[in-house]
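The listed protein sequences correspond, in order, to chains A and B. Here my numbering is used: the first residue of the first sequence is 1, the next is one more, and so on. Here my numbering is used: the first residue of the second sequence is 1, the next is one more, and so on.
Just so you know, the hints here were simulated from the structure itself, not pulled from any lab data. One or more of the hints may lead you astray.
All copies of an identical chain are treated as equivalent in the list; a pair is satisfied when it fits inside any one copy or across any two copies.
[To be verified] Subject to a maximum C-alpha distance of 27 Å in a straight line, what follows is the list of computed DSS-like cross-link-like pairs (lysine-lysine):
(1) Lys-47 with Lys-121
(2) Lys-61 with Lys-42
(3) Lys-28 with Lys-51
(4) Lys-47 with Lys-129
(5) Lys-76 with Lys-143
(6) Lys-6 with Lys-61
(7) Lys-129 with Lys-61
(8) Lys-121 with Lys-6
(9) Lys-28 with Lys-143
(10) Lys-143 with Lys-47
(11) Lys-148 with Lys-47
Protein chains: 2
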Amino acid sequence: MSQLDKTDILILNQIQENARITHAELAKAVNLSTTPCYNRIKAMEEKGLIKQQVTLLEAEKLGLTLNVFIHVTLEKQVEEALQSFEEAISDRPEVMECYLMTGDEDYLLRVVVPNMKALEKFILQYLSKIPCVASIRSSFALKQVRYKTALPLPEQGLTLHLD
Amino acid sequence: MSQLDKTDILILNQIQENARITHAELAKAVNLSTTPCYNRIKAMEEKGLIKQQVTLLEAEKLGLTLNVFIHVTLEKQVEEALQSFEEAISDRPEVMECYLMTGDEDYLLRVVVPNMKALEKFILQYLSKIPCVASIRSSFALKQVRYKTALPLPEQGLTLHLD
DNA sequence: GCTGAAACGTCCTCCAC
DNA sequence: GTGGAGGACGTTTCAGC
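Sequences are here, hints too, so could you generate the full structure?
This is how it looks when you write it as C-alpha cells:
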C-alpha cells in the first residue's frame, strides 16, 4: 500500500493532458524543481500507474465520421462464450471500446467507421458471424459532444489499490 | 484537398500507439530516414490531423473502478436546451465521453467514478439538477474488455476532408 | 523527395548541499 | 527537496543525390 499526495496528483493531471511536457515545464507547473519531479514520475511508473503515452488524432479530418454504439447479446452467458466473443472482438481495429454490461444486453461496443458501408461490412461480415452472438442492436451518435482520456483524480490525494 | 500515402498512415499508426517514439525509431519502423519523418509529421501537424499527445493511466490502480453509461433524455429537444446541457456536462471531470444520440434517448454519457457514493452524488447533486433533464437511466460495466484510442486508419492511404 | 551527417539545443541524470 | 553541471540524446538543418 502506498499513497499519492497532492503533488503527485498534480503531476498526473499534467501528464494526462500533455504527454510531451518536459520535466522542466512540469517542475514549474507543480512548484518543484526537476529532480523530485523526475523521482516522483519514476516511482509512479514503477508502481504501474502509467499505462501508455499516445497521440490522439482528429477523427473527422481523417474521414472517420461515424461513431456507432452496438449492443450485443449472446445466446448463452457461459464463461466460454464470453471469452471467445471477447477474443474475436479484440482483433478488429474499428472496435474502440467494449464493455461487458449489466442488464438485458451483454456487451456494449463503440465502433468507429468512415461510412455506412463500412459499418454494414463490420456487422454482416464479421460481428454476426461470431459464434454465440444472438442479437445485435446499433445506435448512432449524431455528435461527439465530449471525448477525453484524462481520468478524474481526487484533488486531495489518494491511497493506492495495488495488487 | 490533400492525400495521405501509405507511409503517412504508417507514421500515424506508430505515433497513435506511442507518443514518445523518437524520429530515429520512427524512421526505422517505416523504412525511411529521420528527415522525411520529421517533414511528414510537421506537415500533418499543420493540417491539424494531430490533436493531442496524452498519457493514459491505470484507472483500476487509481481506484477508479466504476464505468457507468448514463442515458439522458431532455424535456424538449430545442437547440437551446441541448446547448445548455452540453455546456453543463463539459464542466464535470467524471464525464469521459458524451454523445448526442439517435433513437429514444438524447444523450449517452460514459462516466468514471471511484464508487457508488460518487455516482450517486454525481447523479443526484449534479446531473438531475441540470435544467431540461427529463429522465436518467444508468447501466454499469462489469468489465472493460477493450479500451483504445488509436483510430482505424485505412491501410492504403486516404484523401483528406479538410475545411 | 530521400539520405546521411553534423550542429544545435535541450533534457535527463547525478551529485553535493 | 534544491540547484548546478556533465553527458547523452533528440531534433532540426543542410548539402548532395
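Going down the list of hints, with the structure as the test:
Taking identical chains as interchangeable, the C-alpha atoms of Lys-47 and Lys-121 are never at most 27 Å apart, the minima being 42 Å within one chain and 30 Å between chains. Taking CA atoms no more than 27 Å apart as the test, Lys-61 paired with Lys-42 passes between copies only; the shortest distance there is 16 Å, against 36 Å inside one copy. Taking the shortest alpha-carbon separations for Lys-28 and Lys-51, both the intra-copy value of 24 Å and the inter-copy value of 24 Å come in at or below 27 Å. When the C-alpha separation of Lys-47 and Lys-129 is checked against a cutoff of 27 Å, the pair qualifies neither within a copy, at 41 Å, nor between copies, at 39 Å.
In this assembly of identical chains, the alpha carbons of Lys-76 and Lys-143 lie at most 27 Å apart only when taken from different copies (18 Å versus 34 Å within one copy). Taking identical chains as interchangeable, the C-alpha atoms of Lys-6 and Lys-61 lie at most 27 Å apart only when they sit on different chains, with a minimum of 17 Å there against 38 Å within one chain. Taking CA atoms no more than 27 Å apart as the test, Lys-129 paired with Lys-61 passes in neither setting, with 31 Å inside one copy and 36 Å between copies. Proximity of Lys-121 and Lys-6 under a CA criterion of 27 Å is satisfied inter-copy only: 23 Å between copies versus 48 Å inside one chain copy.
In this assembly of identical chains, Lys-28 and Lys-143 lie within 27 Å of each other by CA distance neither inside one copy nor across copies; the values are 37 Å within and 38 Å between. When the C-alpha separation of Lys-143 and Lys-47 is checked against a cutoff of 27 Å, the pair qualifies only between copies, where the shortest distance is 22 Å, while the shortest distance within a copy is 37 Å. In this assembly of identical chains, the alpha carbons of Lys-148 and Lys-47 lie at most 27 Å apart whether taken from the same copy (24 Å) or from different copies (21 Å).
Comparing the model with each earlier hint shows violations of hints 1, 4, 7, 9; every other hint is respected.
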